[in-house]
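Trainee: Each chain is listed here by its residues.
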Amino acid sequence: MTAMIDITDAGKTFTMHLQGGIELPVVRGVTFQVNPGECVVLSGPSGAGKSSILKMIFGNYRCDSGCIGIRHRGKVVDLATAEPRQVLNIRRSTIGYVSQFLRAVPRVATIDVVGEPLIANGMSRADAQARAGELLHRLNIPERLWQLPPATFSGGEQQRVNIARGFISDLPILLLDEPTASLDAANRAVVVELVAEKKRQGVAMVAIVHDDEIRHLIADRIVDVTGFAAAA
Amino acid sequence: MADQNLVENDEPLLVAKSLSKSFGRINACRDVSFSLYPGEVLAIVGESGSGKSTLLQMLSGQLAPSAGHVSYRMRDGVTRDLTTLGEAERRFLFRTDWGFVHQDPAQGLRMAVSAGANVGERLMAVGWNHYGRIRETASDWLTRVEIDVARIDDAPRTYSGGMRQRLQIARNLVTEPRLVFMDEPTGGLDVSVQARLLDLLRSLVAELNLAVIIVTHDLAVARLLSHRVMVMKGGRVIETGLTDQVLDDPREPYTQLLVSSILPP
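Residue numbers (UniProt numbering), protein chains in the order written: chain A, 1 to 232; chain B, 1 to 265.
Treat each hint with caution, since some may be false.
Claimed, not checked - Okay, the calculated bits of chain A under chain B, using three or more residues with CB under 8 Å as the criterion:
no., segment
1, 78–91
2, 145–152
3, 216–223
As the list claims (entries may be wrong) - Negatives, chain A to chain B, calculated, CB over 12 Å:
no., residue
4, T15
5, P36
6, G37
7, P106
8, I119
9, A120
10, A126
11, D170
12, A229
Claimed, not checked - Selected chain B positions facing chain A (in silico; Cβ < 10 Å):
no., residue
13, S18
14, R95
15, R196
16, L198
17, G241
18, E252
19, Q256
20, S260
Everything labelled a hint here was simulated from the structure, so no lab data went into it. This one's a predicted model, so the numbers in the text were calculated from it and none came from an experiment. C-beta: ideal position from N, C-alpha, C; glycine also.
Extracted from the complex, chain B is given alone in its bound form:
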């Protein structure tokens, strides 16, 4: 019967094959392989030092793997190996078809320029030049991420942590990327602010049919946002599967420890 379990329709958007990274004698990431499909949300979970951030950097072409490769299906339908992309091509991908939401919004925003300019900048980078339309689109996006449009001319350094994170999300999504990388996006926020952000992310991801690779150590975030989860330990993927399956029926000792360590609310 197994041969009838054919995967339905489409091709993968991103494929990682045997990715490894060592820093000297330290193996930060070993032999990671998976495929990500359009509209799919994959959570990478594990404790600090498990290699999840190293993996995210390799997947997003910011760090060259020691072995293995990452391929990505570009908007024109051609699948390219990331290492063969030129610097200009890679930057273009980052400005258009990809987003990257950092844990610290200051890393993903320009703190001294206005919120409107932060969002508009991504549009100008892809060739928009009509000031009125850029401002209008930026206002729309501020509204979508629940930022009062009256604050459009203020710089994000005057914003609260939660607002900054929502602004970073607007800046990333304005070019309608197909894939967004997120590194602990709710990391430094209060729980009430976290809940609001998660709910917002959840609806945007579904609405825009985004593929997301999200690194988190928070299993509640993984449960709420992701379809699939990869559990990492010591640089290796030790367990993978449907999110609710891995969290409700964890198989590996380390995953069982992670799941049983969640404090009841």
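For reference, chain A alone in the conformation it holds in the complex:
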């Protein structure tokens, strides 16, 4: 099987110039693969570098060493050295990312926040809204809220809007940073179901999940991040 994500010896250190140039090693020697239809859960205590690894795979954090191979339109691209334009293309058509918090844009209606990734890939607004509506419905966001911007929603509602936005596209790689953190049991079950559907579609996923029960339900494999600890 050909891996969708193939990370070899990736490392990251922050240099804090404002604090006298302190070097803050985050991770080193990060090496693992993720195959299509597989969900790899990163484990390790807070501060072990799980979110940093996820951000490196998304190209949000730069990688100081090693290589992050991403299968993009049939070819392997090293995200660690890719041009900004190519990273944007990869995000548009290959890698989706569900962050912990929704970064809401003022004034944009919830239904459009969710449908935006589809519109960016050329789908008509009406079709995108229809699919966004289905997902919002499944995630129990009442229809009367769809036309409102999510900025005033509760934490759990914002998270569900964020999940809908992350799951709406048919991208072959999905990164999940604590997707169930502020959800109730019913909505956590919906997320588990959505992850299972993505697996059946062959999507490769990397997730951070603190909830043992959810981890047990979605993980095909666990990668322990403490092995990549960079601290001396």
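Since chain A is already given, all that's left is putting chain B on it; use the hints.
Mentor: Relative to the frame of chain A, chain B by itself:
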């Protein structure tokens, strides 16, 4: 693996090569090079005096560089060096394929003529002569930038600051340019007015697939609008990359200072 990181499809729209500008002994801008692609939004950030406005003026052909050059792919697909363009050609480019949104709308608008005429003027400059169609298109654009069409015959000097800025944007976009330069477009506005303008700009840029070079000292503006960012200091580009990468993982001391200086809302 690096050789497989081939850039996908299209050619750049604008290419800057080793641009420098000195005023006497002052080097306002030193050795700036980059390529801008269709539909790409590039933010140039840095404090006052970092050289960003000088750079913008050179990129838009308003200031001759001391060294280096800027080339632009015209609508006919031919790439031309800006310095070889005649004055008439350059003005034509400015009226058709380019827009320039100034911080002060009074610089980009004619304050004493009606809003409709401000928008219609750009159309007439490219040969439109049917009064009804010009007025209709101007009304459409006022609506798109959220100005009440009932105000079409009023002069912008009777408008609020936010409305003037939206009118300036309509005037620039009516000829469907491919590249728009923006110099601190939200500069003098209240925050609530700023948010509305940013949101409007964001959707128009995406809808029209505009390439934009935006100069701003406001990192929140850069984050909301741009794909890529160049950080300038002392006339040089000190850091460049994807906007979220530079803002979330700044590498240079000065960029770290800029990012850490943002006040939490």
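Trainee: What are the numbers of the hints that this structure violates, sorted from low to high?
Mentor: 2, 3, 4, 7, 8, 9, 13 and 14
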